[in-house]
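Take a look at the letters that make up each chain.
There are 2 protein chains.
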Amino acid sequence: MPDPRFAQGDLTAAAEMLLQAAGCNVEDAALVAGSLVRADASGLPSHGLARLPDYLKRIREGGNDAAARPELVSEHQATAVVDGNHALGQVVATFAMTKAIQLAGVYGVGAVTCRRSSHFGSAADYVRMAAGAGCIGIATTNASGTMAPFGGITPMLGNNPIAIGAPTGDEPFLLDMALSVAAKGKIRLLAAQGEPVPDGWATDARGRPTTDAQEAVAGLATWMGGHKGYGLAIAADVLSGVLSGAGFGSSVGAQPEHARTQEVGHFFLAIRIDSFLSPAEFTERFDGMVGELRSSEPVDGSGSVLIPGDVESHQRAASAEQGVPLSTAVWSRLEDEAHTLGVSLARPEPVTG
Amino acid sequence: MPDPRFAQGDLTAAAEMLLQAAGCNVEDAALVAGSLVRADASGLPSHGLARLPDYLKRIREGGNDAAARPELVSEHQATAVVDGNHALGQVVATFAMTKAIQLAGVYGVGAVTCRRSSHFGSAADYVRMAAGAGCIGIATTNASGTMAPFGGITPMLGNNPIAIGAPTGDEPFLLDMALSVAAKGKIRLLAAQGEPVPDGWATDARGRPTTDAQEAVAGLATWMGGHKGYGLAIAADVLSGVLSGAGFGSSVGAQPEHARTQEVGHFFLAIRIDSFLSPAEFTERFDGMVGELRSSEPVDGSGSVLIPGDVESHQRAASAEQGVPLSTAVWSRLEDEAHTLGVSLARPEPVTG
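Residue numbers (our numbering), protein chains in the order written: chain A, -4 to 348; chain B, -4 to 348.
Don't take each hint at face value.
[As the list claims (entries may be wrong)] Simulated DEER-style distance windows between Cβ atoms:
no. : chain 1 : residue 1 : chain 2 : residue 2 : range
1   : A       : GLY189    : B       : ARG203    : 26 to 34 Å
2   : A       : ARG289    : B       : ALA200    : 17 to 25 Å
3   : B       : ALA200    : A       : GLU22     : 51 to 59 Å
4   : A       : GLU70     : B       : ASP331    : 54 to 62 Å
5   : B       : PRO191    : A       : ASP165    : 38 to 46 Å
6   : A       : ALA178    : B       : SER297    : 21 to 29 Å
7   : B       : PRO191    : A       : GLU70     : 50 to 58 Å
8   : B       : ARG203    : A       : THR347    : 32 to 40 Å
9   : B       : ASP207    : A       : ARG342    : 53 to 61 Å
10  : A       : THR347    : B       : GLY180    : 49 to 57 Å
Treat the hints as calculated values from the structure; they're not laboratory data. Because the structure is a prediction, the values reported are computed rather than measured. From the three backbone atoms N, C-alpha and C, an ideal C-beta is built for every residue, glycine too.
Given these sequences and hints, build the entire structure.
Here it is in structure tokens:
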């Protein structure tokens, strides 16, 4: 049975109310709620409201500080270093990408690192900001060390996402990818359903390829592209963690350890298009490229060729029309949080389901 | 039988002589010869002297201009646009990364695009330059459209490499990767040897997975990580081609079309480490990360965990000791070129083989 769907505004209001009850100011609550509900609306529930209970618990138990403001530690010409002060990751990341875009406005390119941050939601959000400001944006973050180095079996490296965004004449190009073949969350879901794991997704704890979901849950997700995905994860951690002064490798904390600061690091780059060529020319050229890609003959029996961001964009359109899907289990966890926070949370009327 | 090995200086001198005979000045000849022989010494013959006959033919037939100088088209603060004027790609790329490093010295970060360029050899060379100058370097280039979009079967997108480099206390971290699971050249080699192609490397011309080497040669190499590698290839072309004013997508020329300019584009970024934290602190942190990765328990039966750049670094050490491997077939093609150019090329005494 598909999840019930709710009006996006209703879910956002509920999340804002909980975040404010936990101590966030109105702006931060709107920012974080917007990030989570947009992920659900985009068909990415792993980065959606399912994360909110962890955020609220982390604020309560000390891993995050709802009242903290990110601040500039240093600024040299086109670069800046941000101390997140353990504010929620979305607050830190939005502050930092705003700074990178501002620097790019002056210098043509701006690079900003962040330390003392935490889970920042969907990396796509920050490169979308850049694309909306006439820039190509790059965003990376590190994450807790759930992956083993290629050829190894000791978990110590994050499944560090990399996102790149650029404007087109239509919806922006948004590439946002973690570096495993499939997320550990999907492997856990298959295990819970008693299904096998597709070939190539996982190994057991000894590093031997497996399709047994229980072995895979106890084991390791595999890198996309093998040593190539592993290399990209190191590069992402060099930019996000090593360069920023944040945690890196195995020292990055896990989100569910609510009382511990995560010490996550991020990296943001904004490249102002009009430093290189006119935005109109860029858009015309990029639209030409996208149009050519869409014109490719499809593989037999498949639909048309997609561009990164298409699937999420279609999901957002469906969510705008039919409501945002949210599982009953997640809603029930939000109710538990409301109870703990001593606020009243009325379940909105589902649009469908 | 392994290829004979030659003293690196002998191979470099031979390549320099041929390039000078074709019209390159002493500096350009040394740069290009160094790039090619270093690739052979690093165990990457696909980017080595095997390419030199194409370079020489392109100069002769008009696709490249040995006498051309790359020049700055525009420069805005921390950004610059380079017109390669169809000089050899290594000459253009070295000029551009030198500029990016110089801009990073002033602004903390520098971004440089190139248009009207050609095959630039190993992307690792340029990020090594950045790492040697206290920077994290990123280099991308586009390439002729041999790959189909994910879900499609029409070749129109390059197997665009991405390289990232950073200094450590020892050899620099050098990640340099094309975006297919395996290079088409390796598939051709297996076909020539009558061997099957490993599962997941290729499809036939209709996009159906195949291990038949003949079908794979007539077909398509697959993206590493499926839609993720495809997305990265688009991103690399946006930076290298769309943003630079170069060719992009299917408009990039193939190297073996010797009379046609390739219209390749490149993108270079240099991020100066000391804008963010002290180089000593960066190196200490990065060495800590690398040390931790190497300490991972290996997968049963495998050797120790590797860091990107390790394999090439070991190969260079072996080449320094035992000579640089070069196939007799490639040497014979260099002799043909020498004959055409009217110069005398004495085969150096092999060190081994």
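Structure-based check of all given hints:
Range check, A:GLY189 to B:ARG203: about 31 Å between beta-carbon atoms, so the 26 to 34 Å window is met. With their beta carbons about 20 Å apart, A:ARG289 and B:ALA200 fall inside the hinted range of 17 to 25 Å. Evaluation of the 51 to 59 Å hint for B:ALA200 and A:GLU22 yields a pass: the beta carbon distance comes to about 55 Å. Between A:GLU70 and B:ASP331, the C-beta spacing of about 58 Å keeps the proposed range 54 to 62 Å intact.
Between B:PRO191 and A:ASP165, the C-beta spacing of about 43 Å keeps the proposed range 38 to 46 Å intact. For A:ALA178 paired with B:SER297, a C-beta distance near 25 Å keeps the hint of 21 to 29 Å intact. Remark: the range hint 50 to 58 Å for B:PRO191 to A:GLU70 is upheld by a beta-carbon distance near 57 Å. Taken as a hint, the range 32 to 40 Å holds for the pair B:ARG203 and A:THR347, whose Cβ atoms sit roughly 38 Å apart.
Separated by about 57 Å at the C-beta atoms, B:ASP207 and A:ARG342 satisfy the suggested range of 53 to 61 Å. The hint said 49 to 57 Å for the Cβ distance between A:THR347 and B:GLY180, and at roughly 52 Å that hint holds.
Hint check: no violations occur; every hint is consistent with the structure.
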